[in-house]
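Undergrad: Those sequence lines, one after another, are chains R and A. Oh and the first sequence: position 18 is 46 in our numbering, straight run, nothing missing. Oh and the second sequence: position 289 is 323 in our numbering, straight run, nothing missing.
Everything labelled a hint here was simulated from the structure, so no lab data went into it. Be aware that a few hints might be false.
[To be verified] Straight-line distance between alpha carbons at most 20 Å, and here's what the computed PhoX-like set of lysine-lysine pairs gives:
hint: 1; chain 1: A; residue 1: K260; chain 2: R; residue 2: K106
hint: 2; chain 1: A; residue 1: K227; chain 2: R; residue 2: K85
hint: 3; chain 1: A; residue 1: K75; chain 2: R; residue 2: K112
hint: 4; chain 1: R; residue 1: K65; chain 2: A; residue 2: K60
hint: 5; chain 1: R; residue 1: K85; chain 2: A; residue 2: K229
hint: 6; chain 1: A; residue 1: K213; chain 2: R; residue 2: K59
hint: 7; chain 1: A; residue 1: K75; chain 2: A; residue 2: K60
hint: 8; chain 1: R; residue 1: K85; chain 2: A; residue 2: K75
hint: 9; chain 1: R; residue 1: K114; chain 2: A; residue 2: K266
hint: 10; chain 1: A; residue 1: K221; chain 2: R; residue 2: K114
hint: 11; chain 1: A; residue 1: K241; chain 2: R; residue 2: K34
hint: 12; chain 1: R; residue 1: K79; chain 2: A; residue 2: K177
Here the structure is a predicted model, which is why all the values come from computation and not from measurement.
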Amino acid sequence: MSESFKIILIILAMLVIFLLFEIQHLLQSQKFLQLKKENVANMLREIEELKKELNIKEMTLTNVSEELNKTNLYLNLKEIELEKLKVGNRYELQNLFYEDVKSFMEESIQECDSSNCIVNRAKENGIRCGYVQVYTTREKYYPLIRFDTLDRGTIYFNSLSSDPVELSSFEPIKNILVIW
Amino acid sequence: MKKANRKYIIDVCSECKVRENDSSKKKLFKCRFCERYFCKKHLAPRLAMMRSAIEEIKDPVLRDKVYEEWRKKDGHPDWAWTEKYFEKIKIEEERKRERFWEAVERLKEISEEKEKKEIPSSILYTPFPEKIEKVVKLSFPKKSLIILIIAVGILLSLLAITIHKNFEIGNELSFIENKLYNLQEEKDNLTQKSKSLDWAINTIQAKLNSTKEKLGEVNSLIQIMKSNKKYKLHDPTYYEVKSFLEKDQTDKNIYSENYTCAYFSRDVNNNAEESGIRTAFVELEFPAGVPGHAIIAFNTTDKGLVYFEPQYDVEVRPEIGKRYFECLEEIPGYYWVGPEYNDTIVDVFIWW
Numbered sequence: 029m030s031e032s033f034k035i036i037l038i039i040l041a042m043l044v045i046f047l048l049f050e051i052q053h054l055l056q057s058q059k060f061l062q063l064k065k066e067n068v069a070n071m072l073r074e075i076e077e078l079k080k081e082l083n084i085k086e087m088t089l090t091n092v093s094e095e096l097n098k099t100n101l102y103l104n105l106k107e108i109e110l111e112k113l114k115v116g117n118r119y120e121l122q123n124l125f126y127e128d129v130k131s132f133m134e135e136s137i138q139e140c141d142s143s144n145c146i147v148n149r150a151k152e153n154g155i156r157c158g159y160v161q162v163y164t165t166r167e168k169y170y171p172l173i174r175f176d177t178l179d180r181g182t183i184y185f186n187s188l189s190s191d192p193v194e195l196s197s198f199e200p201i202k203n204i205l206v207i208w
Numbered sequence: 035m036k037k038a039n040r041k042y043i044i045d046v047c048s049e050c051k052v053r054e055n056d057s058s059k060k061k062l063f064k065c066r067f068c069e070r071y072f073c074k075k076h077l078a079p080r081l082a083m084m085r086s087a088i089e090e091i092k093d094p095v096l097r098d099k100v101y102e103e104w105r106k107k108d109g110h111p112d113w114a115w116t117e118k119y120f121e122k123i124k125i126e127e128e129r130k131r132e133r134f135w136e137a138v139e140r141l142k143e144i145s146e147e148k149e150k151k152e153i154p155s156s157i158l159y160t161p162f163p164e165k166i167e168k169v170v171k172l173s174f175p176k177k178s179l180i181i182l183i184i185a186v187g188i189l190l191s192l193l194a195i196t197i198h199k200n201f202e203i204g205n206e207l208s209f210i211e212n213k214l215y216n217l218q219e220e221k222d223n224l225t226q227k228s229k230s231l232d233w234a235i236n237t238i239q240a241k242l243n244s245t246k247e248k249l250g251e252v253n254s255l256i257q258i259m260k261s262n263k264k265y266k267l268h269d270p271t272y273y274e275v276k277s278f279l280e281k282d283q284t285d286k287n288i289y290s291e292n293y294t295c296a297y298f299s300r301d302v303n304n305n306a307e308e309s310g311i312r313t314a315f316v317e318l319e320f321p322a323g324v325p326g327h328a329i330i331a332f333n334t335t336d337k338g339l340v341y342f343e344p345q346y347d348v349e350v351r352p353e354i355g356k357r358y359f360e361c362l363e364e365i366p367g368y369y370w371v372g373p374e375y376n377d378t379i380v381d382v383f384i385w386w
């Protein structure tokens with residue numbers, strides 16, 4: 029066997045090894061590529077589903093926002109209606125809720141320094157209230173203001189605080205006069 | 035340049051006329067062997083001999099070679115060239131034969147010398163390297179070498195294809211990985227957006243629920259307010275006041291320690307307001323140490339603010355600095371006696 033023949037055989041063997049190696053690499057790459065393609069397909073599917081989900085969510089958001097706007101609008105109208113219902117004047121008095129009375133008292137103690145002023149102010153604003161004289165002796169009495177609230181019943185205030193006072197704090201009470 | 039210098043004539047080509055029945059005149063060139071004129075197509079010379087003559091050639095290699103030459107389509111049969119062709123073949127054959135016999139002779143000599151003394155085989159080739167190479171070529175397994183070369187060629191091609199394919203897959207892989215990365219980014223963005231939307235929906239839903247709750251509360255407050263009793267009052271006329279006081283029986287009550295002026299005033303005030311007449315409870319302040327006095331008042335539509343003493347239903351015109359009993363309206367046949375205490379009016383407080 030000649031040298032050239034041997035060299036050619038060696039080259040051939042090397043080529044075969046190299047080819048086998050390349051083929052193995054090719055097969056692995058193909059598998060990997062297939063896997064990646066599957067990943068891409070899955071990813072695309074997931075993205076598609078996410079997009080659908082987003083569309084639904086956006087629609088839901090739009091609907092909820094619209095409903096909220098409508099409800100807010102309706103609430104505003106109702107609040108205006110309620111405020112109108114609360115409004116009275118000296119010729120049309122009515123009992124109010126505790127919170128309304130409380131806020132009225134908070135404003136009034138800033139402006140008035142006597143129960144006389146507060147009572148007249150309440151009646152000017154259509155709020156029904158009574159001037160109360162709590163007698164602890166025959167002649168001595170404490171002037172209070174009485175409101176009959178719609179939610180908490182009768183409450184009393186003095187002219188100094190916006191917090192209600194308890195009648196029991198004036199014990200012993202001899203008599204109580206309520207002048208509406 | 036050669037073609038440009040070549041001499042030609044315009045005439046009918048004999049070969050065209052005989053073989054293709056073409057009698058048209060065209061450029062004819064002179065054949066350098068037979069010196070006849072032919073067109074470009076038939077200018078080349080070919081063998082001018084019968085098939086039977088070729089069949090008679092014994093050497094099969096030579097016969098095939100002559101046949102191959104004889105089968106040429108174009109050109110013209112040329113006796114002069116045919117003669118030269120065979121002469122050339124004859125010379126070549128003789129040379130081959132001589133070379134062959136020379137090689138045989140040398141092989142004989144070498145084998146004889148080898149028998150006489152052991153000469154290394156490598157020396158055998160040294161005296162006639164060129165000649166021996168040709169002999170070796172003849173004895174070498176030529177087919178195997180060709181097969182090997184073809185195999186190497188095929189392997190190289192396969193290798194090239196595989197490498198190319200690997201390269202393509204690599205490219206595709208990098209493209210797909212890039213795409214996958216972009217898709218992942220897009221997916222992350224969408225997921226983020228989805229979360230934001232969830233948050234927004236939940237927030238707005240919570241707001242909506244709270245608003246609905248508030249709306250429910252406001253509606254119930256409205257219902258309460260609508261069912262709430264309204265105390266409608268009006269400022270009376272003077273005549274209306276007088277009529278009311280006449281009807282009202284509070285003045286029939288008897289003053290005592292437990293039923294003082296304040297009680298009289300309270301009862302008349304509350305009774306009047308129950309009847310829809312806007313009434314004021316009035317406190318008159320006397321000098322220090324002296325208890326005050328309570329009366330009532332009406333803001334009449336015709337006579338303005340009028341005061342009344344509820345114990346007697348008598349009109350009063352209180353003036354600060356004046357004694358209270360002097361402010362009472364006179365009743366015909368009666369007169370008012372002032373009290374022992376100082377009832378001078380110091381201040382007037384009206385409670386509507």
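Undergrad: Against each hint, give a clear statement of whether it holds in the structure.
TA: Hint check:
With a C-alpha separation of about 13 Å, the suggested pairing of A/K260 with R/K106 holds against the 20 Å cut-off. For the proposed pair A/K227 and R/K85, the alpha carbon gap of about 10 Å is at most 20 Å, so the pair holds. For the given pair, A/K75 sits about 120 Å from R/K112 by alpha-carbon distance, which is inconsistent with the 20 Å threshold. With a C-alpha separation of about 70 Å, the suggested pair R/K65 and A/K60 falls outside the 20 Å cut-off, and the hint is violated.
Under the criterion of a C-alpha separation no larger than 20 Å, the hint pairing R/K85 with A/K229 is consistent with the structure, at around 10 Å. Restraint check for A/K213 and R/K59: the C-alpha separation of about 18 Å stays at or below 20 Å, so the hint holds. Of the pairs offered as hints, the one joining A/K75 and A/K60 holds, with about 11 Å between alpha carbons and a cut-off of 20 Å not exceeded. In summary, the hint linking R/K85 to A/K75 is not supported, as the alpha carbons are separated by about 85 Å, beyond the 20 Å threshold.
Our distance criterion of 20 Å between C-alpha atoms is met by R/K114 and A/K266, whose separation comes to about 14 Å. Distance check on the hinted pair: A/K221 and R/K114 sit about 56 Å apart at the alpha-carbon level, beyond 20 Å; violated. Simply put, A/K241 and R/K34 have alpha-carbon atoms about 88 Å apart, too far for the 20 Å limit, and the pair is violated. Under the criterion of a C-alpha separation no larger than 20 Å, the hint pairing R/K79 with A/K177 is inconsistent with the structure, at around 67 Å.
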